[in-house]
Amino acid sequence: MSSETWLQDRAIRPAVVGFAQSDCVRRTQGTTNGVEMLVPILAEAFEQTGLSKSDIGFWCSGSSDYLAGRAFSFISAVDAIGAFPPINESHVEMDAAWALYEAWVKIRTGEVDTALVYGFGKSSAGTLRRVLSLQTDPYTVAPLWPDSVSIAALQARFGLESGRWSEKDMAEVAARSLADARANPQAQRSGESSVAELLDAPLTADPLRAHDIAPITDGAAVVILAAEDRASDIAARPAVITGIEHRVDSPVLGARDLTRSPSTESAGAALGVGDVDVAELHAPFTHQELILRHALGLGDDVRISPSGGVLAGNPMFAAGLARIGEAARRVMTGDADRTLAHATSGPALQQNLVTVMEAQS
Amino acid sequence: MTTEAPPLSEPLEIQFDYTRSLGPVLGRFMTGLAERRIEGVVGSDGRVHVPPAEYDPVTAEALREFVEVGQQGTVLTWSWCADPVAGQPIQRPFAWALIRLDGADTAMLHAVDVTTPERMRTGMRVRVRWADDPVGHIRDIAYFLPVDAPDDHPPTSPPPPVAEQDGIMVTPIKLGYQHTVSPEESRYLRALGEGKLIGQRCPRCEKVYLPPRGACPTDGVPTTTEVELPDTGIVTTFCIVNVPFLGQQITPPYVVAYILLDGADIAFLHLVRGCDVDQVRMGMRVRAQWRPREEWVTSMRNIAHFKPTGEPDAPYESYAHHL
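So the protein sequences, as listed, match chains A and B. Those letters in the first sequence? Residues 464 to 824, by the numbering used here. Those letters in the second sequence? Residues 8 to 330, by the numbering used here.
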């Protein structure tokens, strides 16, 4: 047995034991530090798990000061968790799915045995598509202010004109997502529309239609993790994280094959994601779901984003974490045995994180 | 139950000129743009990268071999921007495109000036429209035009600021938000507009916060019980400001102090005036000096400063835990 395998076999496996998210809304009256959205869902996650603040070994959040329009907005958010006496805390300026990765490392290495991860975003405070252009290269791209919708539309046309997907394929993603979202009380958009009806709508960012684009959403999400041996005391059926990987593609949009997601392919290959029951995919544009399904090799037998996905509500910096929470919930409720969650960050699926969760064996 | 006014909300604009050092590769590229020349860099596999890559995307090798490329190119993909946002290269409906310049192997993202999406197609040929005043910045390429477009286009937008040193580019970033304060802060600020000081008590630890925060930072629970506080209190600690700085509104020396209002559990920063600066003491009793009522707004600014009351100082033990 190699030393690496020996370590793998004995390493602590973190599990999701709690998940709560706020309603996805177009505009909250709250502040950009997220306190008003976080306080109720932190309470909900504590109630679910029976844990309290003092039980949490490590706290990690994901948010963005550019979105909030204020410096150190995540410091104000700490008010929502009650950080006195001092807590063991960290933050990433990314979707909180990457904060979950940091928490996963903390548990995996045995430093702590519980962690609480949260993300929040008041996307409505500024002009979202304009703010997101600052995620691009600051020398040759960001000074042009390329908005996030236009960049995604460039990617969509590549696929349409190369025959990788069709407008109908894209509309089918929207129709399924919005129909599924009818069962999600926290969804911002939902409804029943035929593909033909959707395709009758005008182009809003040629070649994209409104249904191809995730809505602008304010929201927040919380996930509680515990080491596997503690997890079974906290949840009846914890969702054990059996693998988590993240990768990044070149930031140079013109040097990438935008119809593929090599970073997602690589993360999926490292995990062996073949036989999952459910996959919650973070695809803010319909064609990006098609790219992700292909990259992860998800067949027709895999239930895709039963929550309605981010086309039904896309709270920036929380939506990726919420995908992990939604996929974990399918395991925790017994609806599925093995689920996958994907999170993305940056323009045109630049960075991707994939995690696989299973019922405890 | 009374209907509460919505939280106070105001537009907020933030602005910063990002100055970035360019290094040898991007520096040469930007210098070339100032001279209306476009240079790419040759990758390890012989591909020509435009804009230039500093390191090879496959081998990570440092790239230094430059080659000039054409000022015409081919559209590989495009999208229509019907509603441009501030700062974009064209301020009327236009197309974004990935454009492969003649002689390059990678594509650059830029804007194409056409009037309708019907005038765009993949594979179309476009040419650079240079800025009227190039300065060594990516914005020296104002936008692209179809190759056969007439030469009668209007002047380009003003150039970005020029850095004082070589090898630096300056990019002004301006962002607009609708800034909203919390419901608790709104009640606090509206009360200040009526000359009242409203704090909130945590239901768990019973501490009184002013300004109210919406959630107790110790317990993480919503703070709901409002408490009206007097405008008297003590100085817990202070400093004497002797240093002038940009935007200073008072001539030094002056005193900035933590003021703990009677009945509050958290101090806030304010000014102490009305005595010589060397008379200010820890534990000193103070009272708010309000501005004339006609100047009141929804702000702590309504209190011009705190001034000594002349009462005996508070004993150190009574406020030591606030330090």
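Heads up, a few of these hints could be off.
[As the list claims (entries may be wrong)] So, partial list: chain B residues that the calculated Cβ filter (under 8 angstroms) puts toward chain A:
#	residue
1	Ala12
2	Pro13
3	Ala60
4	Ser86
5	Ala89
6	Leu105
7	Thr122
8	Trp137
9	Gln172
10	Val188
11	Thr225
12	Ile273
13	Leu276
14	Val284
Derived by calculation from the structure, the hints in this document are not laboratory data. Even for Gly, the Cβ is constructed at its ideal location relative to N, Cα and C.
Is the interface hint for B:Val284 satisfied, with its Cβ closer than 8 angstroms to some Cβ of chain A? With a closest approach of 31 angstroms, the B:Val284 hint is violated.
With chain A as the partner, please determine if B:Trp137 meets the hint condition of a C-beta pair closer than 8 angstroms. Violated. Min distance 15 angstroms.
Restraint: B:Val188 near chain A, CB-CB cut 8 angstroms. Satisfied or not? 6 angstroms, holds
Given B:Leu105 as an interface hint, is the shortest Cβ-Cβ distance to chain A below 8 angstroms? Given a least distance of 5 angstroms, the restraint on B:Leu105 holds.
With a cut-off of 8 angstroms, does the beta carbon of B:Ser86 approach a beta carbon of chain A closely enough for the hint to hold? Result: holds, 3 angstroms to nearest chain A Cβ.
Holds or violated: B:Thr122 as interface residue toward chain A, Cβ cutoff 8 angstroms? 14 angstroms, violated
Take the shortest C-beta to C-beta distance between B:Pro13 and chain A; is it under 8 angstroms? 6 angstroms, holds
Closer than 8 angstroms between Cβ atoms is the bar; does B:Leu276 clear it against chain A? Give me holds or violated. At about 17 angstroms, which exceeds the 8 angstroms cut-off, the nearest Cβ of chain A leaves the hint on B:Leu276 violated.
Restraint: B:Ala89 near chain A, CB-CB cut 8 angstroms. Satisfied or not? Given a least distance of 7 angstroms, the restraint on B:Ala89 holds.
Mind checking the CB of B:Ala12 against every CB in chain A and telling me if the closest is under 8 angstroms? Since the shortest Cβ distance to chain A is 11 angstroms, the answer is violated.
Cut-off 8 angstroms, beta-carbon criterion: hint that B:Ala60 touches chain A: 7 angstroms, holds
Is the shortest C-beta separation between B:Thr225 and chain A less than 8 angstroms? Check passed: Cβ of B:Thr225 comes within 4 angstroms of chain A, closer than 8 angstroms.
Checked against the numbered hints above, the structure violates hints 1, 7, 8, 9, 12, 13 and 14; every other hint is satisfied.
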